Amino acid sequence: MILASVVSQAGELPYFWQAPEATDREAFLAEPMPAAIQVVPTELEGPVFANAEGKTLYIWPLRGLRNGAVGDRRNTASTCEGTIYRETAGLMSPYPPGYLLPEADLRRPCEALWPPVLAATDAKPIGKWTLVPRANGLKQWAYDGFPVYTSDLDRTAGDVLGGRRYEERRGGSETGALRFAIGPLPDVPAELEVRSSNTGRMLVNRKGFTVYASKSDARGVSHCKAECLKTWAPVLAPQLAREHGEWSVLERSPGILQWVYRGQPLYIYLPEAGAESRGGQVTGNDEPGWYSVFTQRALPPPQPFTVHDVRMGQVLADANGKTVYLYHCNDDALDQQSCNHPSSPQAYRMAVCGNGDAVLCLEMFPYVTAAAGASSPSRLWSVMTIDEKTGRLAEVGQPGAIQVWAYRDRPVYTFGRDRPGGTDADAWGEFNGYRNGFKAFWLRDDYRANAFGP
Amino acid sequence: MSFHSTSSLAISLRVNPLSVRRSLAAMCVVLSLTAQPAKAGELREATSTLRDGRIGYVLTHRYYSLYETEGGKAECPQGFNDGPREQFKKLYPPGKKLSVIDAQLQWEGSQWHPSTSKYRLPFHEGQGRISFGLNLDGKVGAEDFLSPTGEPGIDNEFYRAIACIDSFRVGGSLYNFENTFLQQYPDSRLLIELTQVDDLVNDEEVIVTTYRGMNPLLSDASGKHYLPGGTQRVDLRWSKDYVFKLKGKIVDGVLTTDPIDWIMVPWAMTANVTAFQEFRGMRLKLKVTPERAEGLMAGFIDVQRWHHALNTNLSTHHMSYGRVSSPSVVAALARLADGYPDQTGRNTAISASVDLKMVQVYLVHPTSKADLISSNR
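Protein sequence lines correspond, in order, to chains A and B.
Reminder that position 427 of the first sequence reads as 431 in the working numbering, one-by-one numbering, no gaps.
Reminder that position 102 of the second sequence reads as 106 in the working numbering, one-by-one numbering, no gaps.
Just chain B, with the same shape it has in the complex:
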């Protein structure tokens, strides 16, 4: 169903003050959307990618939403956190004869079983009141952030946990590494399909379905830029667990979905791993065009699942690149978790926001025959 709006809406995604100095920051954009009065019929005419009320997109870039100032002076006044190498050196200073069991295996044991860890190491949480993200609970609380454009009530405690870990910041090793693997291998090939779309600018009710695809991304000749117009086969042989439906609406070209209570998102990296994330109360806010969809995926990340994904995706060696200490960051997540308490009252999930960049693709759904074969084998 479509409607027309003459109001204007501005959403701020990621503003990066380092954009001049660090080239990757160029990926971060401010989307200012103004009203674009248009008749639905005309738009459909011009938008061949919207067919039969459907349009698909594939994920090409994914970054945790991080508000950064130069050198982290505002959000990390005490500096950035130590990683495994630095912490290990402090815990086990050189010069003292130690055993594998008392040093290396102690560290690994703590990493995989944080509840049994005896390490108590200092950790710097992000400071300040400004963060990207969305108001997840509809309230404005004392702990909430202001968006860079002044919107109150932003929920993003995850930002506090990772803001001062170099690896997640623009140009950090995980900032790049996650995307390298996401682009290179299909096991995190997140697809969304919008259906029941009459108008890609204003439509009061659309359906968003998530899938996983199996095909490579379509890139330009340089291999660095991803293009709309590719094809992705929807995998329902192995990826049924990743199929979810969200209700949404499009206002002035911005798709906003209702929160979904629970969703799994493929999140694998490195060699032959199978990690995923679990979000509670996840919703999308994406600027959609016939070529691209860009914006936020926000909700509450399950802490135990995030820890599991971190450890299985990355060895201690990989985490050392960008100074990610698994025991420290997981302790911070548990401390800062602000949603979905368990029976003991302990929060199991933490508010968070992720920047997504997607390009349009044509989705090829499996035929009913193929699906039947799959389910019988």
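Same shape as in the complex, but just chain A:
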């Protein structure tokens, strides 16, 4: 057996993360907004819309699940209201509807978990912002037709704990109907897009091919010529390209313009850009001096974490090189409440990690524990106190309480059976780990789309 494993400190790999002192922030296109709405920067999702208090705004777009669709339809009133659902809806095959939900007596209504963003009685539509009525007669803001909410998980400005950034293609029916953070359009040329990866906002072209830059180039000057151009294709700009903000062009030869971002000439890696390429690969980073371009990246995770080679790419690993896993969960009620937070019912996780046996769960999926006094440069990471038997939040010093690392306010785990380099718990649980289960913390996946999250 030939092992393909490389362990390094996460902080030594700037490709994934930006240095704590870096100030890179994604520029965005200003658009008309209600006075009570603002744009706030976030570490992972770029600029997002927020209410006057700075709380991130979310939408719940209609999602077709296996046995029906659920969520909000465009230009209609919210379906997230005051009903407390006590039974499953049977939207996720193969289980029938009508089963009693766990901890139904403690269940809160959708509108308590996702407070609607209400508008003043005299509010008027502006730009993409419109108004939809709520059942109680109040008005709710909608963006691009979808009613808008905040999340009760978010505490301070810049928190995005209720969901990832909305992208048309993001997620699938496996996840359940998720909520998504919304934000303004990134300020990128029409030839390019920004795609949210698990570590930042990456530039791709309209076909989804990763955009690169070279350390060999000087500011606004390309040194990629002749032989280099057999491997790297300049990202061409139209004759009418408008230089503005962080964007400029260089003229490679008379009439041939190339986009330049923050002084870096941009390229596509031709081995990835064949007609049959799946897109989203980042193999060009293996060419010395070349790197993927992000509008902004997250800060490195805390020191104990490492990066590990696995059989499709790279994952975040603990100090011992064991792959780190995130737990995903959405229930099957009509309001699709998430169940991946320590404040939500733990019965789902307990079932897939140990068939209801808390001890087996800890053996199969131990928490990544945090040392006393541990802290993180990235606000995506925190130390959380957990009752290891119940999986619930606990007080420091409480019997059975342990300090664990949490990512986006959810504990992270390793897998008891993994060897370093293994990802045996990736896709462990319902619907390939997306519905009630575990997915590895993917940083790079050259075979599939794992690094772009659910």
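The hints are simulated quantities; they were obtained by calculation from the structure and are not laboratory data.
Among the hints, a few may not be true.
Stated by the list, open to error - Mimicking SDA-like on lysine to any residue, the simulated pairs with C-alpha atoms at most 25 Å apart in a straight line are:
| no. | chain 1 | residue 1 | chain 2 | residue 2 |
| --- | --- | --- | --- | --- |
| 1 | B | Lys253 | B | Ser223 |
| 2 | B | Lys101 | A | Lys211 |
| 3 | A | Lys393 | B | Asp106 |
| 4 | B | Lys94 | A | Asn71 |
| 5 | A | Lys211 | A | Glu197 |
| 6 | B | Lys101 | A | Arg70 |
| 7 | B | Lys289 | B | Glu197 |
| 8 | A | Lys132 | A | Pro193 |
| 9 | A | Lys393 | B | Leu367 |
| 10 | A | Lys234 | B | Leu367 |
| 11 | B | Lys100 | A | Gly72 |
| 12 | A | Lys234 | B | His369 |
| 13 | A | Lys219 | B | Thr371 |
| 14 | B | Lys122 | A | Pro101 |
| 15 | B | Lys101 | A | Lys393 |
| 16 | B | Lys100 | A | Leu110 |
| 17 | B | Lys100 | A | Arg421 |
| 18 | A | Lys211 | B | Gln187 |
| 19 | A | Lys211 | B | Ser226 |
| 20 | B | Lys122 | B | Ile134 |
| 21 | A | Lys393 | B | Arg287 |
| 22 | B | Lys244 | A | Gly420 |
| 23 | B | Lys244 | A | Pro113 |
| 24 | B | Lys289 | B | Arg327 |
| 25 | B | Lys122 | B | Arg339 |
| 26 | B | Lys122 | A | Ser342 |
| 27 | B | Lys122 | A | Val74 |
| 28 | B | Lys101 | A | Pro193 |
| 29 | A | Lys219 | B | Pro370 |
| 30 | A | Lys132 | A | Leu110 |
| 31 | A | Lys229 | A | Pro292 |
| 32 | B | Lys244 | B | Arg133 |
| 33 | B | Lys101 | A | Glu91 |
| 34 | B | Lys143 | B | Arg287 |
| 35 | B | Lys251 | B | Ser226 |
| 36 | A | Lys393 | A | Tyr371 |
Stated by the list, open to error - What the simulated footprint calls covered on chain A by chain B, stretch by stretch (three residues with Cβ under 8 Å from a Cβ of chain B suffice, anywhere in the stretch; the number is not a length):
| no. | region |
| --- | --- |
| 37 | 29 to 36 |
| 38 | 84 to 98 |
| 39 | 358 to 368 |
Since the model is a prediction, treat every value here as computed from it, not as a measurement.
Just so it is clear, CB atoms sit at the ideal spot from N, CA and C, and this is done for glycine as well.
Guided by the hints, dock chain B onto chain A, whose structure is given.
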């Protein structure tokens, strides 16, 4: 090294009595090979795909070797097995108010932790004495099968476990599903490269190396048929774990390898999964031509790994399509396992056979420079 044989050899791969009724059965073939006296020099001349003693192939189709009669009357006289929907309905009949914890999560918990499962459900094993496969232990035992052509000593207990699960049978959902994903995504892009080949018809010693490729398959304009002559980049950045070497020989165009004690074979399906299989004592028996390689991969499948691959590849929903009950089939595999006992004497692996179809490809190996970069990052 080459030699010439005038003997004839017939190997039977997959014979499907349903081939007229079910179009997919057309993929199953009987390979009858007769002696083809040929001089090595002439063959090399005509075989441009064999260069410097090397030829590569990429996997295009993979099916568990299943001997089927019409409607399963011979091998499944009690009918086919229930899947999750049917079993779930029997365990938790409609009309009784139940909770998610007592029903759905009980099922999922049993699926992921079969040793803790309390379910005891009926399961139909395949009957009869005929099966495809190879004689893995060189013996002829009472439990062994006869091949359809009458060869005794065939070891394929895996066949007993899955013969009566509709999903694995010709035209079943997994029969198709596995291959759809295998063809569409490269993470199960199994490559083999034959080296030290003097003659693709008769050569007493060749080396077979397995790799994983990263490129799409080359298809015809319909997209349904895969063609020889494509190119595959050998991935040594992430796929070193899938590199294994087997010794083999070619007799009358049939490559037979020695068994390898342990091998990992990529086996991922569905969305963003990373599954693989572990085989013990695996060997290949493939008819090789300048364009194609077709035949069997047989050995002992690690039961725990197969269970893991099944569950991570397929959700309960996906398994319901073709009536695959994970708790039941895994219990059957554990019961029928016939090789590689652990310290307690419990067998950990089960004899099995898989049909492979491959087409010739040109393999592009990474340069030493690129490999160096990879290993340093």
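Results for each hint:
1. B:Lys253 <-> B:Ser223: Judged against 25 Å, a Cα distance of about 30 Å means the pair is violated.
2. B:Lys101 <-> A:Lys211: Given pair Lys101 of chain B, Lys211 of chain A is violated - Cα atoms ~50 Å apart, limit 25 Å.
3. A:Lys393 <-> B:Asp106: This hinted pair holds, its Cα atoms lying about 20 Å apart.
4. B:Lys94 <-> A:Asn71: holds (21 Å)
5. A:Lys211 <-> A:Glu197: holds (9 Å)
6. B:Lys101 <-> A:Arg70: holds (23 Å)
7. B:Lys289 <-> B:Glu197: holds (14 Å)
8. A:Lys132 <-> A:Pro193: holds (21 Å)
9. A:Lys393 <-> B:Leu367: Between Lys393 of chain A and Leu367 of chain B the Cα gap is close to 52 Å, so the pair fails against 25 Å, i.e. violated.
10. A:Lys234 <-> B:Leu367: holds (20 Å)
11. B:Lys100 <-> A:Gly72: It holds: about 24 Å lies between the C-alpha atoms, which stays within 25 Å.
12. A:Lys234 <-> B:His369: Holds, at roughly 19 Å.
13. A:Lys219 <-> B:Thr371: holds (22 Å)
14. B:Lys122 <-> A:Pro101: Roughly 24 Å between the alpha carbons, so the hint for Lys122 of chain B and Pro101 of chain A holds.
15. B:Lys101 <-> A:Lys393: violated (28 Å)
16. B:Lys100 <-> A:Leu110: With a Cα-Cα distance of about 23 Å, the restraint between Lys100 of chain B and Leu110 of chain A holds, given a limit of 25 Å.
17. B:Lys100 <-> A:Arg421: violated (38 Å)
18. A:Lys211 <-> B:Gln187: Given that 25 Å is the threshold and the Cα spacing comes to 22 Å, the pair holds.
19. A:Lys211 <-> B:Ser226: holds (23 Å)
20. B:Lys122 <-> B:Ile134: Cα-Cα ~33 Å, so violated.
21. A:Lys393 <-> B:Arg287: violated (46 Å)
22. B:Lys244 <-> A:Gly420: This hinted pair holds, its Cα atoms lying about 23 Å apart.
23. B:Lys244 <-> A:Pro113: Violated - the C-alpha atoms of Pro113 of chain A and Lys244 of chain B are around 51 Å apart, more than 25 Å.
24. B:Lys289 <-> B:Arg327: This hinted pair is violated, its Cα atoms lying about 31 Å apart.
25. B:Lys122 <-> B:Arg339: holds (16 Å)
26. B:Lys122 <-> A:Ser342: Outside the cut-off at roughly 29 Å; violated.
27. B:Lys122 <-> A:Val74: violated (34 Å)
28. B:Lys101 <-> A:Pro193: violated (57 Å)
29. A:Lys219 <-> B:Pro370: OK: Lys219 of chain A and Pro370 of chain B at ~23 Å, within 25 Å.
30. A:Lys132 <-> A:Leu110: Roughly 37 Å between the alpha carbons, so the hint for Lys132 of chain A and Leu110 of chain A is violated.
31. A:Lys229 <-> A:Pro292: holds (16 Å)
32. B:Lys244 <-> B:Arg133: At roughly 40 Å apart (the allowed maximum being 25 Å), Arg133 of chain B and Lys244 of chain B break the hint.
33. B:Lys101 <-> A:Glu91: Roughly 10 Å separates the two Cα atoms, so the pair holds.
34. B:Lys143 <-> B:Arg287: holds (16 Å)
35. B:Lys251 <-> B:Ser226: Given pair Lys251 of chain B, Ser226 of chain B is violated - Cα atoms ~37 Å apart, limit 25 Å.
36. A:Lys393 <-> A:Tyr371: holds (11 Å)
37. 29 to 36: violated (count 0)
38. 84 to 98: With 4 residues close enough to chain B, the hint holds.
39. 358 to 368: With 5 residues in contact (Cβ-Cβ under 8 Å with chain B), the coverage given for the region 358 to 368 of chain A holds.
Figure legend: structure checked against the earlier numbered hints; hints not met, in rising order: 1, 2, 9, 15, 17, 20, 21, 23, 24, 26, 27, 28, 30, 32, 35 and 37.
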